[in-house]
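Asks: What follows is each chain in one-letter form.
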Amino acid sequence: MSSSTLSEGRKQFIVDGVTQDCRADGRRCIDFRRFQIETGIVSNTNGSARLRQYGTDVLVGIKAEIGQPKQERSNTGHLEFYVDCSSYNTTEIDGHIGDFTTQLTKSLERIYDSENVLDLKSLTIIAGEQVWVLYIDAVVLECCGNLLDCISIAVKAALYNTRIPGVSVNDEEGVLELEISDDPNDEKKLSIDKVPVIVSCNKIGHRYVVDATQEEECCSSGRLLIAVNDRNNICSLQKSGTGSLDPSTIFEMIETARQAAVPLNQELLQTLKREERSNNDKCGFFAN
Amino acid sequence: MEIISPEGLRIDGRRPEEIRRFNCRLGVLSRADGSAYLEQGNTKALASINGPHQAGDKAKIKHDRVHINFQYSMATFSTNERRNRPKGDKRSIDISQLMREIFQSAILTDLYPKSQIDIHVQILQADGGNYSACINAATLALMDAGVPMKDFICSCTASLVDSKTIIDVNNSEELHFSNPLLTLAILPTSEEIILCQMKSRLHADHLEDILKAGIKGCKDIYEIMHREVLNHVREAAAVMNAT
Amino acid sequence: MAAEVGNPVIPGQRLGSIDQFSAGLGTYVRQRHIYASLVGYKDIISQAGQLPKIQIKTGNVSCNLPTIGKVVTAKVLNVNPRFCRVLIICIGTTPLKEPFKGTIRKEDIRATEKDKVDMYNCFKPGDAVLAEVISLGDPRSYYLSTAKNELGVIFAKSTAGHPMVPISWTEMQCPHTEKIELRKVAGIKYWTDS
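Residue numbers (full-length UniProt numbering), protein chains in the order written: chain A, 1 to 288; chain B, 1 to 243; chain C, 1 to 194.
Hints are supplied without guarantee of correctness; some may be wrong.
[To be verified] 30 Å max Cα-Cα, derived DSS-like pairs, lysine-lysine: (1) C/Lys-106 <-> C/Lys-116; (2) C/Lys-57 <-> B/Lys-219; (3) C/Lys-75 <-> B/Lys-62.
No lab work stands behind these hints: they were computed from the structure.
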């Protein structure tokens with residue numbers, strides 16, 4: 001909801017609550033909301049994942065296609081992102097919805113499309129000519145705050161679930177032919193050791209919170225996006241929002257984000273491994 | 001490749017008059033006024049309803065009935081080849097217009113003058129019968145939202161192969177351009193046809209057969225949809241009584 | 001809550017004939033029969049001197065729109081010598097997800113001495129008012145009226161920024177500065193569920 005529809009009384013209530021480390025839903029400032037994650041629910045993609053929280057539902061699908069490499073990085077594959085917010089209630093976003101989704105798309109590209117995150121060199125088929133391009137598409141079905149964090153967690157889960165088919169290159173009379181194998185045992189998994197998740201810290205009053213709801217985002221004066229990976233390294237930083245932040249606050253926010261990201265990354269990895277082992281029938285949208 | 005094998009089975013093992021496995025669920029999204037998810041075989045559709053609420057565009061406000069804003073989009077990963085634009089292309093606009101007219105005739109529009117109902121259907125996986133899945137999902141979502149309607153709208157596809165009719169056509173069967181493809185939507189209680197769209201050539205003698213097959217397919221789907229809606233209401237009532 | 005007996009009904013299901021029943025909320029009439037238009041439970045209400053009414057009981061309240069006669073809570077956006085624009089935020093006791101636009105014209109503010117009304121002494125931007133919907137209005141907004149004793153301003157802040165206390169039907173006083181400001185004040189009746 002836009003900040004103008006939240007009443008002054010409600011804003012004051014939220015700010016006072018945060019000051020006393022008790023948010024409107026009872027969490028502490030560094031607690032994440034519980035969420036459910038399920039992978040492999042769209043069958044004609046190479047990898048997919050769905051993240052569900054109360055009020056937030058994000059579906060990420062990854063398709064791998066053979067294409068031309070980017071000009072400046074001709075020896076590696078690359079990622080292309082697209083965020084689709086069409087079913088999200090458009091009157092709730094301040095400004096034009098196209099700008100909002102472009103901003104999300106560009107933030108994700110900046111953070112994930114890099115050699116330090118995924119082993120993009122392994123996606124090369126013929127150096128300089130043909131590479132695997134991973135098209136990562138996120139569909140936002142509904143949103144209750146903290147959208148970029150949820151998309152990043154779903155993207156990490158979808159990358160874990162992605163299987164890239166094996167390709168053999170045949171040289172016939174000087175013409176290189178690519179043959180994609182249908183053998184499921186010939187598929188490659190991607191390593192997600194260095195893939196980060198985004199933790200956003202919102203400054204509300206004099207304190208900051210992690211995993212803000214939509215109402216809390218309306219009261220926040222400044223936001224810092226921090227991408228943290230499994231080894232607790234910072235992969236990316238971005239400040240957004242209209243308020244200004246003191247340098248000491250930024251260091252504190254980074255420490256808080258790193259503390260909050262450790263259990264998040266661990267539990268996510270455990271859940272993904274458990275799901276892979278159990279091989280249950282996928283519930284998808286039929287789960288309660 | 002034959003569509004119907006000599007034993008009388010189709011590519012996916014169904015008989016010609018069998019519909020695909022149909023599963024649906026109401027109330028899947030927590031913040032939309034109404035929502036529904038359905039799977040017709042491998043085609044997956046998710047519909048969400050918002051409204052009735054103040055109409056955003058003043059030019060579209062009608063003084064005596066509600067304005068229906070329908071948006072149809074296919075996720076970029078829904079088809080085998082990745083699509084570049086989920087919506088806004090001519091096909092999506094054409095289908096949105098068609099759906100708006102269909103739902104205008106089934107929703108009791110004069111109860112909400114000057115307002116707007118937003119219907120958004122997203123196809124998550126497309127394997128034939130996309131328009132049918134879209135109509136069925138939107139109907140269930142409208143039921144979930146409590147928007148008054150004359151009746152359910154049930155939709156199914158039918159085709160004619162070697163003088164035999166088949167219903168609920170999937171993607172590989174649709175790709176045979178020489179066979180006619182009929183998309184039909186009916187109001188099941190009165191058996192009135194609300195959408196009838198056909199592609200390719202059909203001899204007039206076969207029209208009655210293919211229509212009858214389509215209507216039977218729609219009625220089979222109606223059985224499952226109405227059973228699911230009644231279950232949903234009973235569960236909701238049980239929860240309300242328990243609290 | 002009373003236990004729900006019987007089976008639920010779905011749209012398109014026939015409920016009865018118009019010779020024996022009259023159509024209520026959630027139903028429609030076609031060819032002398034009454035059909036359901038909502039998903040819910042059938043409820044038959046007997047009426048004195050008339051045919052019993054069939055209506056559908058449903059738990060859903062999403063279809064809540066301002067209709068003529070309903071009392072709504074609105075926030076004043078701007079004031080003008082001829083009318084003031086408001087944002088309807090609640091209908092009855094149900095808050096709305098999205099607000100509607102409304103207008104209160106000068107002649108609909110009071111029941112008596114309608115031509116001697118000065119808009120700036122009745123409402124100011126930011127006030128919360130209780131009003132009744134009198135017409136669906138024009139494409140831009142609904143028309144509302146506060147021409148009853150129990151309608152009018154229910155909450156207002158003084159120029160100093162403090163919530164004011166009503167002292168008569170035309171005056172409110174700020175508790176901190178003790179300055180009196182003019183408003184068309186509502187005489188609040190005890191709220192019963194309408």
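Asks: The structure should be examined with respect to each hint, and the outcome stated for every one.
Replies: Cross-check of the supplied hints:
no.	hint	in the structure
1	C/Lys-106 <-> C/Lys-116	10 Å, holds
2	C/Lys-57 <-> B/Lys-219	27 Å, holds
3	C/Lys-75 <-> B/Lys-62	25 Å, holds
Every hint from the earlier list agrees with this structure, and none is contradicted.
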